[in-house]
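A.B. asks: Using the hints, build the complex out of the two chains.
As a plain string of letters, each chain reads:
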Amino acid sequence: MSFDVPDDLYYLESHEWIDPQTGRVGISDFAQDELGDVVFVELPAEGDELDAEDAFGVVESIKAVSDIYAPVGGEVTAVNDTLEDQPELVNEDPFGDGWLVELDFDEAALEDLLSPDDYRDQIA
Amino acid sequence: MGLRTPPLYGRHEDRGAKFTEFGGWEMPVEFDSITAEHTAVRESAGIFDVSHMGEIELSGPDAEALLQRLTTNDVSALDPGDAQYSTITNEDGAILDDTVVYRMPEGDDVDYLFVPNAGHDEQMYERWTTHRDEWGLDVTVENATEEYGMVAVQGPDAPDLVAARAGEDVLDLSPFTAAYAEVAGVDCWVANTGYTGEDGFELVFPSDGAGAVWDAFASDCQPCGLGSRDTLRMEYGFLLSGQDFHPEENPRTPFEAGIGFTVDLETEFVGRDALAAQQEAGVDEEFVGLVLQERGVPRHGYEITTPDGDTVGEVTSGTMSPTLGEPIGLGYVDAAYAEDGTTVHVVVRGTGKRTTVTTPPFIDQ
Chain A
1 MSFDVPDDLY YLESHEWIDP QTGRVGISDF AQDELGDVVF VELPAEGDEL DAEDAFGVVE
61 SIKAVSDIYA PVGGEVTAVN DTLEDQPELV NEDPFGDGWL VELDFDEAAL EDLLSPDDYR
121 DQIA
Chain B
1 MGLRTPPLYG RHEDRGAKFT EFGGWEMPVE FDSITAEHTA VRESAGIFDV SHMGEIELSG
61 PDAEALLQRL TTNDVSALDP GDAQYSTITN EDGAILDDTV VYRMPEGDDV DYLFVPNAGH
121 DEQMYERWTT HRDEWGLDVT VENATEEYGM VAVQGPDAPD LVAARAGEDV LDLSPFTAAY
181 AEVAGVDCWV ANTGYTGEDG FELVFPSDGA GAVWDAFASD CQPCGLGSRD TLRMEYGFLL
241 SGQDFHPEEN PRTPFEAGIG FTVDLETEFV GRDALAAQQE AGVDEEFVGL VLQERGVPRH
301 GYEITTPDGD TVGEVTSGTM SPTLGEPIGL GYVDAAYAED GTTVHVVVRG TGKRTTVTTP
361 PFIDQ
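Note that the protein sequences, when read in sequence, are chains A and B.
The first sequence begins at 1 in the numbering used here and counts up by one.
The second sequence begins at 1 in the numbering used here and counts up by one.
What the hints contain is simulated information worked out from the structure, not anything from laboratory work.
Idealized CB from N, CA, C, for every residue including glycine.
Check each hint, because a few of them may be wrong.
Covered stretches of chain A, as calculated for chain B (at least 3 residues, CB under 8 Å) [said to hold, decoys possible]: (1) 37-49; (2) 62-73.
Have a look at the derived ranges for each label pair, beta carbon to beta carbon [said to hold, decoys possible]: (3) A/Ala55 with B/Glu126: 40 to 48 Å; (4) A/Ala108 with B/Ile363: 40 to 48 Å; (5) A/Glu53 with B/Gly325: 30 to 38 Å; (6) B/Glu280 with A/Glu49: 42 to 50 Å; (7) A/Ala55 with B/His300: 14 to 22 Å.
Some chain B residues flagged as far from chain A (calculated, every beta-carbon gap over 10 Å) [to be verified]: (8) Asp108; (9) Asp187; (10) Gly227; (11) Ala336; (12) Thr359.
Next comes chain B alone, as it looks inside the complex (with noise of 0.2 Å):
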């Protein structure tokens, strides 16, 4: 099967971007250079073709349900209008996806939009309509991903930049929070979200105007890859599906994966009893920070050691840190070597580079 292609490619391709394959997706991962655009965003703004992202629509009197007993976090606390951080996980309690999940607002055909990660829209669907079949529950599921386009604005000036264009009003949206507002004459869902760590807001529109919600944003602000996203979360500690965590090379729960604030046990979900049992008995392995305090950049899948050389975990992502100027990793040790400040080694090319632990983000919020 061929690569799938975003609503904005011909776009990227006119601008020069660099394309990378992601999640089955043909996408830009870089515009001009990952440093520029990663300090556009920490300094100005940047946006982000992020379409990639799926799209799954549920509506009908049992929404809510499916919803609930198929993701980790209290779907019932949601007002419309709400977004939620949330995680999918098996019966083990480990991570298949992790997504946003908002409630439309009254009135509206759609009852709750999730949003999957690149790729993760088939198999996502598969599982909601299997499960709601399973269960017998009155719920309609569909996959839009195909139908729409999203952008990230983000970045200190993206607020106004996105009010400029979408109105005063999105400046009222508390961070998850997200609204109906029209951008060049488009109908968008502007939520107050993102994954860089700045302010910013995402827009899910129809694919067909895509176009012109691009070249609204497009002369005023920086076009970022998926390169300079990635530098981006990493320096906020924020996870990579499929490569922080992954269902089969690397299965984590939300509470290793240090985002336990996304499980409600007082819920009932796919995987509850796993994680109520490994709340009760503590984890063995943690997620962290890691500086490296010598020459050498930390890469996925390059070794954690203690200082003798005993191996006590591994890196799951890891790069020079634009903003710092120094490298850093996230990744997964031993909880007895999780806390602040203890010294590891991170191997590279066979070597022991010095490493302090830390918890993220490594920038200052």
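Pulled out of the complex, with its shape left as it was, chain A reads as follows (with noise of 0.2 Å):
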């Protein structure tokens, strides 16, 4: 099976990515094929601080529950609150509708991430 992995995003051992861009975070393609059906998720509230590798979050399926953790340090600027009602989006969409918070971060921490193609070779 041949997952997505966007060639603009930076990643994270444990499935997350970030948009350097945007400072969008949400889980890959394969953490959601993993996962499977996603019935709930647990977020952080705007202006909240993380840590680098914080686990900041919390994605549930049916079978189990998985902790997210912060690709970098930053602030919470945003919260993906369609998800309260409709978790499935991080299923269907997880680079797009599906995504989880934004953060305001620093771009020197992307360095410690890793790229899709180390990504790539990570999931196969």
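C.D. replies: The following block contains the structure:
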């Protein structure tokens, strides 16, 4: 099975992605497939300060519960409230409407993350 | 030791199933999605590979006597072709396993067949042969788990699907009865049983016929994995061995586990005296259903408290019910909190979520 790994994002070994342009964060196509049907998402509040690799929220599927980790440190500037009623968007559109939060972050932190090719190698 | 694989493993791999380890077996957990598979079983039909279930065969003059002394129900009540839900308990009355016992037809090579849960077949074989020898009974015990495959066809359309392949006679089988029938040229033991709360059948057959039986259904029936089997059984409050009870980690008697109907105290069996005493005294904790009234999903091991925060029990199974779209759980609470409608809290990641105690099933039968 092949999974979508967009070229314009950075990745974490724990399967989160961050868009360097917008600071938007989500989980990867591979991660949503592993989890199965997502039924509940617990997210932080706007204004919360996160450190890199903080467990900042939880994605629950029917079969499992998984922490979500912050790819970089920063302030939460937006939260995808739509997921409260439509958690299935994480499965349907993990890089689009299924995004989780947006962060205001320091770009230098991106150096510690996986490139799309590195991440492809990890999930191969 | 490597994982055991069912005879249909290759079929599942080709179909793109995801696999999981369960009871020492590598079994399909999901083919398409748990929700899709769950819904198919509630609305039409699904087929499960349950070849990880054990098969222990008993034959000989004392077969009934041995079963009677090692299971809690009354085996003597069975006519040929009858099936019976039962439990196997230790001296303390704690459930070692739950099982279905079949009395086979007259003239069969085997007198009784019982089906232990995944990974329990060797332990049960040991238990049966040890006690046979200790009690000097004349009965042959065979662990035939590797010789058989087993599928469950479940859902409102399941009877017609099975009848179309096994013959109309199967429609005459009342719940918890079974008979031989041929499916795709394979001799099957077809039982009107299942563990999803829906109509349906379980078929046991020689493992070399597994592919033919599976293929006979696969085109008209949603293949389902253990993931949806778990959500389906939870909606009906059915126990999962090793999770809702466990002989070491969470020993529970049939009375505590809400399956006191499997206990016949008129018979003599291992654990009888302990269970008789418990029936007399009453249970301290009861197995209940839980419906969360707030957002969150109950999971195995989560604490159950009073609204004031005093611990009164523990969740043993939980999920977001695909049928109801509500978080449901099963678990044990102090008897004082077991009444329908009682408000308790399930502690989800440190926060107590308002929860209503409910007697399963969670959905209408």
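A.B. asks: Give a verdict on every hint.
C.D. replies: Evaluated hints:
With 4 residues having a beta carbon nearer than 8 Å to a beta carbon of chain B, the segment 37-49 of chain A meets the requirement of three or more and the stated coverage holds. Interface restraint, the segment 62-73 of chain A with chain B: holds (3 residues with C-beta to C-beta distance below 8 Å; minimum three). The given range of 40 to 48 Å is respected by A/Ala55 and B/Glu126, whose C-beta atoms sit roughly 44 Å from each other. Taking 40 to 48 Å as the suggested C-beta distance range, the pair A/Ala108 and B/Ile363 does not conform, at roughly 54 Å.
Checked against the hint of 30 to 38 Å, the pair A/Glu53 and B/Gly325 passes, with Cβ atoms roughly 33 Å apart. Separated by about 60 Å at the C-beta atoms, B/Glu280 and A/Glu49 break the suggested range of 42 to 50 Å. The supplied range of 14 to 22 Å is met by A/Ala55 and B/His300, whose beta-carbon atoms lie about 20 Å from each other. Remark: the non-interface label on B/Asp108 is consistent with the geometry, its nearest Cβ contact in chain A lying 40 Å away (cut-off 10 Å).
Look at B/Asp187: its CB is around 35 Å from the nearest CB on chain A, clear of 10 Å, so calling it non-interface holds up. A cut-off of 10 Å between C-beta atoms contradicts the statement that B/Gly227 is not in contact with chain A; the least separation is 5 Å. Non-interface status of B/Ala336 relative to chain A is upheld: no Cβ of that chain comes within 10 Å, the nearest being about 30 Å off. A cut-off of 10 Å between C-beta atoms confirms that B/Thr359 is not in contact with chain A; the least separation is 23 Å.
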